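Peer 1: Here is how the chains run, residue by residue.
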Amino acid sequence: MSSGDIAESGRPRPRKVVITGIAGRLGRIVARRLHHELDWQIIGLDRRPMPGRPKDIEHHEVDLRSKKARDVFRIGEVDALIHLGVMHDPRARPAEIYSWNITGTTKLLEYCQAYRVPKVVLLSSANVYGPRPDNPQFLTEDAPLLAAQRFPQMRDLVEIDHLVSTFLWRAQNVETVILRPVHIVGPVHNAPSNYLRIERPPILLGFDPMVQLVHYQDTADAIVAALAPGRRGIYNIVGPGEVPLSAVLKELGREPVQIPHPVARPILSLAFRLGISSFPVAELDFIRYVCMVDGRRAAAELGFRPRFGLRETIHAIDEPA
Amino acid sequence: MGLLDRLHQLRRAVPEDDIAGRTEALVVRGNEFGFDEFGLSRESFRGAAHVARWLYRHYFRASAFGIEHIPASGRVLFVANHSGQLPFDGLVIGAACFLEPPKPRLVRSMVEYFVPTVPFASYLLARWGQIIGTPENCRRLLAADEAVLVFPEGARGISKNFSKRYQLAEFGKGFMRLALEMRAPIVPIAVIGAEEQAPAINLKPLARLLGSPSFPVVPYPPFVPLVPLPVKYRLYFGEPIKLTGDPDDDDEVLDEKAKIVKHRIQSMIQLGLREREHVFW
Chain Z
1 MSSGDIAESG
11 RPRPRKVVIT
21 GIAGRLGRIV
31 ARRLHHELDW
41 QIIGLDRRPM
51 PGRPKDIEHH
61 EVDLRSKKAR
71 DVFRIGEVDA
81 LIHLGVMHDP
91 RARPAEIYSW
101 NITGTTKLLE
111 YCQAYRVPKV
121 VLLSSANVYG
131 PRPDNPQFLT
141 EDAPLLAAQR
151 FPQMRDLVEI
161 DHLVSTFLWR
171 AQNVETVILR
181 PVHIVGPVHN
191 APSNYLRIER
201 PPILLGFDPM
211 VQLVHYQDTA
221 DAIVAALAPG
231 RRGIYNIVGP
241 GEVPLSAVLK
251 ELGREPVQIP
261 HPVARPILSL
271 AFRLGISSFP
281 VAELDFIRYV
291 CMVDGRRAAA
301 ELGFRPRFGL
311 RETIHAIDEP
321 A
Chain F
1001 MGLLDRLHQL
1011 RRAVPEDDIA
1021 GRTEALVVRG
1031 NEFGFDEFGL
1041 SRESFRGAAH
1051 VARWLYRHYF
1061 RASAFGIEHI
1071 PASGRVLFVA
1081 NHSGQLPFDG
1091 LVIGAACFLE
1101 PPKPRLVRSM
1111 VEYFVPTVPF
1121 ASYLLARWGQ
1131 IIGTPENCRR
1141 LLAADEAVLV
1151 FPEGARGISK
1161 NFSKRYQLAE
1171 FGKGFMRLAL
1181 EMRAPIVPIA
1191 VIGAEEQAPA
1201 INLKPLARLL
1211 GSPSFPVVPY
1221 PPFVPLVPLP
1231 VKYRLYFGEP
1241 IKLTGDPDDD
1251 DEVLDEKAKI
1261 VKHRIQSMIQ
1271 LGLREREHVF
1281 W
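The listed protein sequences correspond, in order, to chains Z and F. Residues in the first sequence are numbered consecutively from 1, following this note's numbering. Residues in the second sequence are numbered consecutively from 1001, following this note's numbering.
By construction, these hints were calculated from the structure, which means they are not laboratory data. Note that the structure is predicted; figures quoted are calculated from it, not measured. Please note that a few of the clues may not be correct.
[Stated by the list, open to error] Which stretches of chain F does chain Z cover? Using the computed rule of at least three CB atoms under 8 Å from a CB of chain Z, they are:
(1) 1019-1033
(2) 1087-1097
(3) 1142-1152
(4) 1221-1234
[Stated by the list, open to error] Simulated DEER-style distance windows between Cβ atoms:
(5) F:Thr1117 with Z:Pro118: 20 to 28 Å
(6) Z:Arg33 with F:Leu1209: 38 to 46 Å
(7) Z:Ala300 with F:Leu1209: 34 to 42 Å
(8) F:Ala1144 with Z:Arg91: 21 to 29 Å
(9) Z:Ile276 with F:Thr1117: 26 to 34 Å
(10) Z:Arg74 with F:Val1118: 55 to 63 Å
(11) F:Arg1046 with Z:Ala300: 30 to 38 Å
(12) Z:Glu319 with F:Arg1046: 19 to 27 Å
(13) F:Arg1046 with Z:Pro262: 29 to 37 Å
(14) F:Ala1020 with Z:Lys250: 20 to 28 Å
(15) Z:Ile276 with F:Ile1201: 45 to 53 Å
(16) F:Arg1046 with Z:Leu252: 23 to 31 Å
(17) F:Pro1185 with Z:Gly275: 57 to 65 Å
(18) F:Val1224 with Z:Ile267: 30 to 38 Å
Built from N, CA and C at the ideal position, the CB exists for glycine as well.
My request is simple: use the sequences and hints to build the entire structure.
Peer 2: Put into structure tokens, the structure is as follows:
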């Protein structure tokens, strides 16, 4: 069985982890951490190439739905899967993304059960709860995932989260961990970081919700914490605190453009279609309503504490990739 | 005595309040940016406190009785009657707790779920310490030993017709569940005066048509209550009520307990109405 740490030679066999979406910025950061600092053996699964990777990192440029992806699990005593490969491209065809995300995740979970992978970590997002006017200030892990109700683009992530939650309860022999971090900030490509990089970001006139941010390195810490044996469950991952959106933009020296909310949708969707703005209209409610989470469970059970303060976290956006 | 004399006399009687000092004395669990987890900022609060003070001292010339029942610290649930079409009763209670006791107390009122959809109100109320009225928010603040204000009558209370003034509408049970669960004492508050600030009838069919919670009309221009009449507010803070029991009890049991609070407020209202000589002074 793959969980035996001592190989026949008596020397400890390096633990082996499969990382999907490894070619992304966060994927690389997590891979680097596990490889250099914790001596894990890394296998990357991504449809994108991974230029400049260290020679001892194995990388497979494959579709998660393909037979080759299955082979990765079949051949080698994999100790853990870190699923970061949730595709979210506002300009790609929704049907293709949907199939990639949902079928891909279903397949991965199948492989993990078939080839006895003892640990599965999914990087979901606190956004799955959805920004809503009647949200409590801090949502706990058992709050319903309502994001898909208003944002078709969030549907994939919500469904993946549900798929893996079901797997968590069904596959009792697998330690499944779902992490729902708040907005990850850093030299990464995700909606919040892309938004914070805009020089003149749109904001809604008369709205200034409180937001939570987490440093990308702290997110990597949370993933590492989730890999520890014995940890299973669903965890919100929160950063160093809560601030109004306007304070974040001010700290970064941005000059926001105030748009009255009744006309924001048509204006921004036109700008998006024309390629002037990269702000996805579906995400407007994230700059209107509160979608914050309670991170006490992760603190108590995973021992997760953010290392970076509020200012450091906000300025992580300035770090070179 | 002429009206002008009366005004002069009132002005002399109004105490000066040290807004800056009192704001500084508030317990705010702020971060390095000066915001607490609900979005309260001391700086924004100070600005709003000046306006609230003017309304409290000069416009409504409020008097508060039973100030000694406002606990200086520790969790507490303030429960009050809700009236007057416009939520100035919340403001006046907040101002009283900030201005009257020796040590100012920050009151977090639970506001309606639609408030976050209204531009400016959405974030300004949060900057001044007000919270969306979810049970989770209330629980969290009580756990942090803060003071939370609830109006168990909710919209039924604030939008009731003038003919029903000073008759309490049905109390919800949520506040009682929270008080029992969090073992928080309840301080009942009777608000006298708010009912006359906008003597309105509520056009329910029109409200339904517009999809708004209520559509009050008043018999003077501009016929919708935008500005409250300068009535005199009288607040009666009652002795803290400490109830114990299972928060998950049957509704009937909780209802009985909620009635204890309701009756206390109703009798304080009757007392206040008996003591009142005039609506406007």
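Peer 1: Does each hint fit the structure? Answer for all of them.
Peer 2: Status of each hint after checking the structure:
1. Given a C-beta distance limit of less than 8 Å, the hint that chain Z covers the region 1019-1033 of chain F holds, as 3 residues qualify and 3 suffice.
2. Residue count for the region 1087-1097 of chain F with a Cβ under 8 Å from a Cβ of chain Z: 0. That is fewer than the three needed, and the coverage hint is violated.
3. Only when three residues or more bring their CB closer than 8 Å to a CB of chain Z does the claim for the region 1142-1152 of chain F stand; here the count is 0, and the claim is violated.
4. For the region 1221-1234 of chain F, the assignment as covered by chain Z is violated, since 0 residues bring a beta-carbon within under 8 Å of that chain's beta-carbons and 3 are needed.
5. About 46 Å separates the C-beta atoms of Thr1117 (chain F) and Pro118 (chain Z), a value inconsistent with the hinted range of 20 to 28 Å.
6. Separated by about 59 Å at the C-beta atoms, Arg33 (chain Z) and Leu1209 (chain F) break the suggested range of 38 to 46 Å.
7. Our hint of 34 to 42 Å for Ala300 (chain Z) and Leu1209 (chain F) is violated, since their Cβ atoms are close to 50 Å apart.
8. Under the hint 21 to 29 Å, the C-beta atoms of Ala1144 (chain F) and Arg91 (chain Z), about 44 Å apart, miss the expected range.
9. For the pair Ile276 (chain Z) and Thr1117 (chain F), the supplied restraint of 26 to 34 Å holds, since their beta-carbon distance comes to about 28 Å.
10. Checked against the hint of 55 to 63 Å, the pair Arg74 (chain Z) and Val1118 (chain F) passes, with Cβ atoms roughly 57 Å apart.
11. Separation of Arg1046 (chain F) from Ala300 (chain Z) is about 36 Å and conforms to the stated range, judged on CB atoms against 30 to 38 Å.
12. The supplied range of 19 to 27 Å is broken by Glu319 (chain Z) and Arg1046 (chain F), whose beta-carbon atoms lie about 36 Å from each other.
13. For Arg1046 (chain F) paired with Pro262 (chain Z), a C-beta distance near 32 Å keeps the hint of 29 to 37 Å intact.
14. Against the hinted window of 20 to 28 Å, the Cβ-Cβ separation of Ala1020 (chain F) and Lys250 (chain Z) comes to about 24 Å, which satisfies the hint.
15. A beta carbon spacing of about 51 Å between Ile276 (chain Z) and Ile1201 (chain F) agrees with the range 45 to 53 Å that was offered as a hint.
16. Between Arg1046 (chain F) and Leu252 (chain Z) the CB atoms are about 26 Å apart, so this pair conforms to the stated range of 23 to 31 Å.
17. Judged by the Cβ atoms, the range 57 to 65 Å given for Pro1185 (chain F) and Gly275 (chain Z) holds: they are separated by roughly 60 Å.
18. At about 31 Å, the beta-carbon gap between Val1224 (chain F) and Ile267 (chain Z) stays in the expected band of 30 to 38 Å.
This entry does not satisfy hints 2, 3, 4, 5, 6, 7, 8 and 12, going by the numbered hints stated previously.
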